[in-house]
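*Asks:* Starting from the known structure of chain A, fit chain B onto it as the hints suggest.
Which chain is which? The protein sequence lines are A and B, in order. The working numbering puts the first residue of the first sequence at 33, with every later residue one more than the last. The working numbering puts the first residue of the second sequence at 337, with every later residue one more than the last.
Keep in mind that the hints were calculated from the coordinates and are not lab data.
The calculated label-pair distances, taken between Cβ atoms and stated as ranges, are:
#, chain 1, residue 1, chain 2, residue 2, range
1, A, Gln273, B, Val655, 50 to 56 Å
2, A, Met286, B, Asn768, 31 to 37 Å
3, A, Leu378, B, Pro708, 26 to 32 Å
Yeah, the Cβ is synthetic: ideal placement off N, Cα and C, and Gly gets one too.
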Amino acid sequence: MKSLLFSHDKTGVVVLALIAGVTLIVPLFNLIFPVDSPLHFSAYTVSLLGKYLTFALVGLSLDLVWGYCGILVLGQGAFFALGGYAMGMYLMRQIGTRGVYADPLLPDFMVFLNWKELPWYWFGFDHFWFAMLMVMLVPGLLAFVFGWLAFRSRVTGVYLSIITQALTYALMLAFFRNEMGFGGNNGLTDFKDILGFNIQSEAVRLTLLFLSGSILIAAFLFSRWLVNTKLGRVVTAIRDQESRVRFLGYRVEMFKLWLFVFSAMLAGIAGALYVPQVGIINPSEFSPLNSLEIVVWVAMGGRGSLYGAIIGAVLVNFSKTVLTGLMPEIWLFSLGAAFILVTVLLPDGIAGLLRKRREAEA
Amino acid sequence: MKANSLKRFNGWLALTLLVCLWAGQANSQEMNPQVTLLDSLNRLKQGAMADREQALEQLGEVNHPRTLTVLQALLNGKLYQVASNEQLVIATEISEGYQLIDAITGEDLGNKPRSEVNKINLTNTIRVKLRKLIGQLELKSEDASVRLAAVNGLIKATDDNTLALLRQMETTERDETVLEAMQMIFALKDLKSEDKAIRLTALVTLKNFNNQEVVNRLNVLMEKDSSGQYLETDADVRKQAKLILSEINARIQFYSILETLFFGLSLGAVLVLAAIGLAITFGVMGVINMAHGELMMLGAYTTYVIQQMMPDHLGLSIVMAIPAAFLISGLVGIAIERGIIRFLYGRPLETLLATFGVSLFLQQTVRSIFSPLNRSVTTPEWMSGSLQINDFLSLTWNRFYILVFCLMVFVLLLQILKRTRLGLEVRAVAQNRGMAKVMGIPTDKVDAMTFGLGSGIAGVAGVALSQITNVGPNLGQAYIVDSFMVVVFGGVGNLWGTLVAGFSLGIANKILEPYAGAVLAKILVLVFIILFIQKRPSGLFPQKGRAVEAK
Chain A
33 MKSLLFSHDK
43 TGVVVLALIA
53 GVTLIVPLFN
63 LIFPVDSPLH
73 FSAYTVSLLG
83 KYLTFALVGL
93 SLDLVWGYCG
103 ILVLGQGAFF
113 ALGGYAMGMY
123 LMRQIGTRGV
133 YADPLLPDFM
143 VFLNWKELPW
153 YWFGFDHFWF
163 AMLMVMLVPG
173 LLAFVFGWLA
183 FRSRVTGVYL
193 SIITQALTYA
203 LMLAFFRNEM
213 GFGGNNGLTD
223 FKDILGFNIQ
233 SEAVRLTLLF
243 LSGSILIAAF
253 LFSRWLVNTK
263 LGRVVTAIRD
273 QESRVRFLGY
283 RVEMFKLWLF
293 VFSAMLAGIA
303 GALYVPQVGI
313 INPSEFSPLN
323 SLEIVVWVAM
333 GGRGSLYGAI
343 IGAVLVNFSK
353 TVLTGLMPEI
363 WLFSLGAAFI
373 LVTVLLPDGI
383 AGLLRKRREA
393 EA
Chain B
337 MKANSLKRFN
347 GWLALTLLVC
357 LWAGQANSQE
367 MNPQVTLLDS
377 LNRLKQGAMA
387 DREQALEQLG
397 EVNHPRTLTV
407 LQALLNGKLY
417 QVASNEQLVI
427 ATEISEGYQL
437 IDAITGEDLG
447 NKPRSEVNKI
457 NLTNTIRVKL
467 RKLIGQLELK
477 SEDASVRLAA
487 VNGLIKATDD
497 NTLALLRQME
507 TTERDETVLE
517 AMQMIFALKD
527 LKSEDKAIRL
537 TALVTLKNFN
547 NQEVVNRLNV
557 LMEKDSSGQY
567 LETDADVRKQ
577 AKLILSEINA
587 RIQFYSILET
597 LFFGLSLGAV
607 LVLAAIGLAI
617 TFGVMGVINM
627 AHGELMMLGA
637 YTTYVIQQMM
647 PDHLGLSIVM
657 AIPAAFLISG
667 LVGIAIERGI
677 IRFLYGRPLE
687 TLLATFGVSL
697 FLQQTVRSIF
707 SPLNRSVTTP
717 EWMSGSLQIN
727 DFLSLTWNRF
737 YILVFCLMVF
747 VLLLQILKRT
757 RLGLEVRAVA
767 QNRGMAKVMG
777 IPTDKVDAMT
787 FGLGSGIAGV
797 AGVALSQITN
807 VGPNLGQAYI
817 VDSFMVVVFG
827 GVGNLWGTLV
837 AGFSLGIANK
847 ILEPYAGAVL
857 AKILVLVFII
867 LFIQKRPSGL
877 FPQKGRAVEA
887 K
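Bound conformation, chain A alone:
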């Protein structure tokens, strides 16, 4: 494991170290320094950093399928949102009687819609373990069914991208419906507790940040290992010459399928970490634009390098935070420009740029 890490590339290690640094230093500083100290991170910063880390995780999940297998998924946001909804449902159940209507059984929005009982798909979400299982199972299952159908009938390239976009669009329309039982337009919000702890408290925020960072690191290391196994090599070969791999006797669709399912589960986990940190999940997370933004993070960071996705996600989101704060109308211009410039001038993204520089030095 160690040799694998260090022999491959330095940038990956640097990125890893940075994430580990943030994951450890922020909670540590906040424990050591008092609230009024300048070294104490505000609640806003902690949530923001935590959010970036979850974005990095979903970027990483997309890089696995796009960068290593050449499947451009324009619906990665759907898996992210599904994970988020599973987490949101657990958090809704934790509200209990503290809602506006104080109904012992139903969440507020169901009381508002005059529903009498909890829909069947809400059962079990009172338990944390069940919700966590669903966070991975629901996106995984969707990816499995979708991928099984798509890869078996050899839908590739642009077609696949477009139908993944249609998938997330259809889900968005579905979740906007009140009848679906997921809070419709407003989504799920007003969370109070997670595992009995106040979700607004600093300790929970720090824990979530720490968890996001640790899971990101773990996912990064695991993915790194995965792409270097035989499975990873076959997957990369599929990206470059799909039919040749098939002629060699590999069952291409199976490799694609399992990678796709794994990536969807990662995205689901990212969504589950994201929701308690921002305090809301609504159908706009399914919007095709969100999924496309994830693609931009990866494209900008450089696909097929894993750490590139992390750099891209953090960088793009940081600029989004800054720009939307300073002058909101500039944000879409710069995002648009980023799309164009990266694809035309920087096909390998920032990671490619770094690699080239190192090669020039060597």
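*Replies:* Then chain B, alone, in the frame of chain A:
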């Protein structure tokens, strides 16, 4: 009844006096219609109730071409009196004051501020009578369509007086549709007759009418009263009514299928318009243009701007907008192709990303220039409203025009690809780029022109969209997924496939809508396409032969 006649008697006394008075006046004026009109209008304005009624009756008799216009103005509260000289005028409200025309002569009197005219107010009793009088005058109108409308207006409220009037009118009526409408009213009346035979004949007459009132009345025949007795006592009549009702219901069903078909086709037309430009850029060139929706948006905004420039010529502005939108979107398209896409040929996924960047750029540009709020484009009169075929089938004009427009654009595009030099070159490049180049076709130029053509058609689609939705920065996004679905469903590189796919998806959507609701219908259609593509990845009409290999 008794109290009523007593009142009438009292009124009669007062009236007789007044009539004598008035008769003297009238005689002295030698019954000039214009003077009579003016006089009775003046008497209508104020005075005793009976006097006003008398004036109304007189208005019914007066034979002056402007009577109906003036009375309608009066009913709609548009009849005014100039304060200084008591001249009667019809006023139209404008931004400052009123625009006036003389009520009697129709002469234009220019504009006047609000303070110089007084509205002529009506009591409710007068208004009811006035409405009836107008109805009667309309029945006598020269124009058959006015007569028809008047007759149709009487279906629900027929009293003996109007019925008598109608019977009288029937003898002189020449227009067949008006006659039919009259016959329906008579038949409806006959349904209440004591005589069973008359009721049965009335039922036979009613069989052929597609009218909601007929259905309602027939349904009433089947109903039972509170004691469980049928309202229609005769079993034969009930049986006959049931038979006829089921016949009419079958017709209603047929019309509702027709209507669904029409709305499906019109939705399909919108989809085809949105997708057909994409079919060229995506199908012929293999370029995924995510900015396609925004090119439509530009077309819609072009319509808006042109309409702002010529607010007095709504219809013309729409017609002008078509070439303008084609040019603007086409030029933007060519700029996109020359500036970005030509560096990305052979990398379809990258074109997808880059053009998505363009779409964000265009959206924000429009948002910065026109504000993020929706702009509304006014629909010219000939495009608004609907064609009412009967009570159960009405087709909205704007949808109808879009359907026609869509087919025109389709045929035109097909002809361009089939018969022009550009079309030939486009097809050659699509089939085999290398070979086309060897044969001396300037592929670069052809690429730019093809992309421009596809984009221009997107702009034209935007003009059509501006007539049915709000024009806003997000207009394009709403259609992009749909239009990709249509192209992919129909089979890439096949214009006919796009046409069939668009129409069938539109119809499927409209068929599902009543059962599932609009949103769920859309979701179902999307899921269907997703599954369909799994089964047949190259769409309904896959390309065959060499075209496949060239890709």
